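Please arrange chain B on chain A, whose structure you already have, making use of the hints.
Just so you know, the protein sequences line up as chains A and B, in that order.
Position 25 of the first sequence, counting from 1, maps to 29 under the working numbering, and the rest follow consecutively.
Position 643 of the second sequence, counting from 1, maps to 1783 under the working numbering, and the rest follow consecutively.
Since the hints were derived computationally from the structure, they do not count as laboratory data.
Each hint should be verified, as a subset may be incorrect.
[Said to hold, decoys possible] Within a straight-line C-alpha distance of at most 20 angstroms, the following computed EDC-like cross-link-like pairs (lysine to aspartate or glutamate) qualify: (1) Lys1433(B) - Glu132(A); (2) Lys19(A) - Glu1345(B); (3) Lys183(A) - Glu132(A); (4) Lys1623(B) - Glu1345(B); (5) Lys1508(B) - Glu1150(B); (6) Lys33(A) - Glu69(A); (7) Lys19(A) - Glu1150(B); (8) Lys33(A) - Glu1698(B); (9) Lys1422(B) - Glu132(A); (10) Lys1145(B) - Glu41(A); (11) Lys1623(B) - Glu1698(B); (12) Lys1422(B) - Glu1150(B).
This one's a predicted model, so the numbers in the text were calculated from it and none came from an experiment.
Listed here are the chains, written in short residue letters.
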Amino acid sequence: MTSGSVHFIIVNRGKANGLLRRAQEIGAKRGTIFLGEGTMSSRWLELLGVNQSQKEVLLIAVPDEVTERFYTMLKKEFNLHKKYQGIAFSVPYRTIIKDTDKRGEAVQDYKANHICLMTVLERGLAGECMRIARGAGARGGTILNAHGAGVPQDFYFPLVIEPQKEILMIVAPRENAPKIRDAIFENMRLERKGAGIIFALPVTRTLGLYEERQQERTVSP
Amino acid sequence: MSLLKRKFSEVSRSLLPVMALVLLLAFTLVRPPADVIWRFLLGSALLLFGLSVFLLGVDLGMNPIGDHMAVEVATSKSGVKVAVIAFLLGFLVTVAEPDLLILGYQVQDASGGTIQAQAMVYMVSAGVGVLIMFGTFRLLRGRSYPLFMGLAYLGIFVLSLFVSEEFLAISFDSSGATTGALTTPFILALSAGLSRVKGGKSSEEDSFGMVGVMSAGPMYALMLMSILTGQSSIQGEAAEFMPQQGIIEPLVYFLPKEFWGSLIALLPLTAFFFFLNFIHFKAPRREIARIVKGLIYTLLGLTVFLTGVYAGFLDMGQIIGRSIAQSHPWLLPVVGFFIGMIVVLVEPAVIVLGQQIEETTGGRIPGKIIKITLSIGVALAVMLSMLRIMIPDLKLWHFLLPGFLTAIILSFRSDPVFVGIAYDAGGVASGPMTATFVLAFAQGAAAIVPTANVLVDGFGVIAMVAMAPVLSLMVVGAVFAMKTKVKPREEAPLPAHASLPAGKIEHYDCLVAIVNRGLSERAVEISRAVGARGATILHGRGSGGHDMKVFNIEIQKEKEIIFWLVDTRLSDEIALALYEQLELEGEGGGAVFMMPSGAMGLDAPVTIGAREETEQEKAAHPKEISTAEEMLPEAAEETAESGEQ
Chain A
5 MTSGSVHFII VNRGKANGLL RRAQEIGAKR GTIFLGEGTM SSRWLELLGV
55 NQSQKEVLLI AVPDEVTERF YTMLKKEFNL HKKYQGIAFS VPYRTIIKDT
105 DKRGEAVQDY KANHICLMTV LERGLAGECM RIARGAGARG GTILNAHGAG
155 VPQDFYFPLV IEPQKEILMI VAPRENAPKI RDAIFENMRL ERKGAGIIFA
205 LPVTRTLGLY EERQQERTVS P
Chain B
1141 MSLLKRKFSE VSRSLLPVMA LVLLLAFTLV RPPADVIWRF LLGSALLLFG
1191 LSVFLLGVDL GMNPIGDHMA VEVATSKSGV KVAVIAFLLG FLVTVAEPDL
1241 LILGYQVQDA SGGTIQAQAM VYMVSAGVGV LIMFGTFRLL RGRSYPLFMG
1291 LAYLGIFVLS LFVSEEFLAI SFDSSGATTG ALTTPFILAL SAGLSRVKGG
1341 KSSEEDSFGM VGVMSAGPMY ALMLMSILTG QSSIQGEAAE FMPQQGIIEP
1391 LVYFLPKEFW GSLIALLPLT AFFFFLNFIH FKAPRREIAR IVKGLIYTLL
1441 GLTVFLTGVY AGFLDMGQII GRSIAQSHPW LLPVVGFFIG MIVVLVEPAV
1491 IVLGQQIEET TGGRIPGKII KITLSIGVAL AVMLSMLRIM IPDLKLWHFL
1541 LPGFLTAIIL SFRSDPVFVG IAYDAGGVAS GPMTATFVLA FAQGAAAIVP
1591 TANVLVDGFG VIAMVAMAPV LSLMVVGAVF AMKTKVKPRE EAPLPAHASL
1641 PAGKIEHYDC LVAIVNRGLS ERAVEISRAV GARGATILHG RGSGGHDMKV
1691 FNIEIQKEKE IIFWLVDTRL SDEIALALYE QLELEGEGGG AVFMMPSGAM
1741 GLDAPVTIGA REETEQEKAA HPKEISTAEE MLPEAAEETA ESGEQ
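Same shape as in the complex, but just chain A (with noise of 0.2 angstroms):
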């Protein structure tokens, strides 16, 4: 069993091919990068409509030994630990075990301190969801555009409808993440039939979370 971190980095549209190749000389083999949307919490930028802001997401396996030199990396490259530059956060992960006897022992138990909160929705409704988590004091959340698979459907067309999702992505300490998760699972009420689902992952590092920050602006003038 190989198991490792993968890493999940959130720039701004753009970055991510730089930070990607960056990331491949130092030693990663590859990566995978997808779009979306950042949700930013100013009032009147809600009130306008303009309240969204594009990112990537890079999704990135890399060797134990470089993960230090990664994340220094994403701080002195890519400026991540300040503000509007965007988070990176780690999970771990597994590979296949192929001896069946052996699967029992895959669940371990990580130190988390955050968790991310993955919520699936229907696609329109994850604005609606940040505000209910913000509510519950997130901070911020990653909008990915998904689909889920296809339903084959009798309309006119003989078509093979793809529901359209939305992923939110929530990092938040791992205190605060029962209360978060509560809050969207009564207010987005996904205990109806097929109207979402929320699922936790641990996160055993973060870097340029808000909390973060505030840490270092009490700590430095």
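Here is chain B on its own, set in the frame of chain A:
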């Protein structure tokens, strides 16, 4: 970075080269009056502001409307309804286009009143409606797009044998006038929406091409009118050129005019949308509020943009054309080349198309490549048009016929996504900037060159601008297709359903597979066969060593990322099946891995929507596992609907 700021920087990046070129000409070769230069600068500022706001409005207002309309059309239960709505959409979006009416009056004058302006507007709109209708059926039925367009243009060639060269030019021009600043983004959104609803393997290439389909409509309409009325020749000269005076006055003159024009152009479609919304789709209030905001941005942005273009660019174009034709005629093709190259990038629809390409292909086809190719195409088009103005023996069809023929032949060999983009590009490139600045430049030159006819040669420019990018993009698409050839794969039988040990689900894995484009359907099939339920799919791009380059821009492979939430005890079986069946090993193949979920020591297990089990499922699964369905409502619903199990 906020959305508006991003639009701002995007527009200014394309606008700055235009300003640099014009100012360079203004201070070296041309020497226009000072007020024209000031007005040009002011116009550029208005253009920057107006276009940024307009693009924002398209995102917020037009795209959702296009989406809703697409869903409405595609999910109809009767063919008649599909036909009626599609026709109406095409008709309504065209009939109020102000440029079309202006062209109508020009044709009315030139034909000595045989062809009425209003009649022409209705004919052209009906032509667009019919073509959009056919295009919609083509898309939803999944028929070949290159064949469809090939036949559409074949029909145009046949008809063009019966009309005069002047009418040929006007027909192409009317097609340029219909694909205006407002119509093109809407049709782009509609076609993207339709293909999203339809889904499946061809959804990416189906996102484009509807603008190309629609631009054939006006050509049919006008040529048929010419043949039916027996009006084959047109006389008359373009109106005498009179530059506007002053800096502010022209702005004051154009602003209310453009405001009304834009308002009227927006109204029919908006009314149709709110009507359908009222009787049928009833979108949530928050979304309607967003759309209304978007529409207001669209209206304001378009007004300011067009005011800037008409007040600032029209006279400048004429003066540049005239003075270069007077002083250095041999420079005309060179100047034309550069003007074509950079002006096209300020076309609103070009920016919208660029964005949509990046969104749809998950960034696999960088907007940059499309823009460079478009630039080259339009640059050559304007250059050749200048040559045609200077050399009377060169006829319009000398370029159009071989150009379109080559494009049609290439379309069968080209990367399918590019075929749609290429046909769209013709309509997209011939927008308001071409219709004012480039056309004014050409007419200015034609007015001085003694052998040229202002009317015919002026119209010809738009026809050329509508043709050249089709060809240039088709060529790049063919290169793309050659470089990214994939060998067909054999489909192995699906794996067997995994047996599950008894007991409740304790832990979930978030299983992630990253596969090459087009394989996600197969991946979902495999996972279902082993025992997974619904999946969520994202489009992205990835790099795995063998990256190709076009114009020195790196092209990454398009990937699909699939998420499942599965029982930890099942995840390895599913992962293994995916790994083996999809041949994920090796460079650039793909990846599959698991992230632990819901078992990371939260105070309670992660909450997932619970729901009632259906009778079918109760029968199909042992009691213990029923929690799995409870916890995966979305998944279970999909399976229930698709009638599997």
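*Which earlier hints can't be squared with this structure?*
2 and 12
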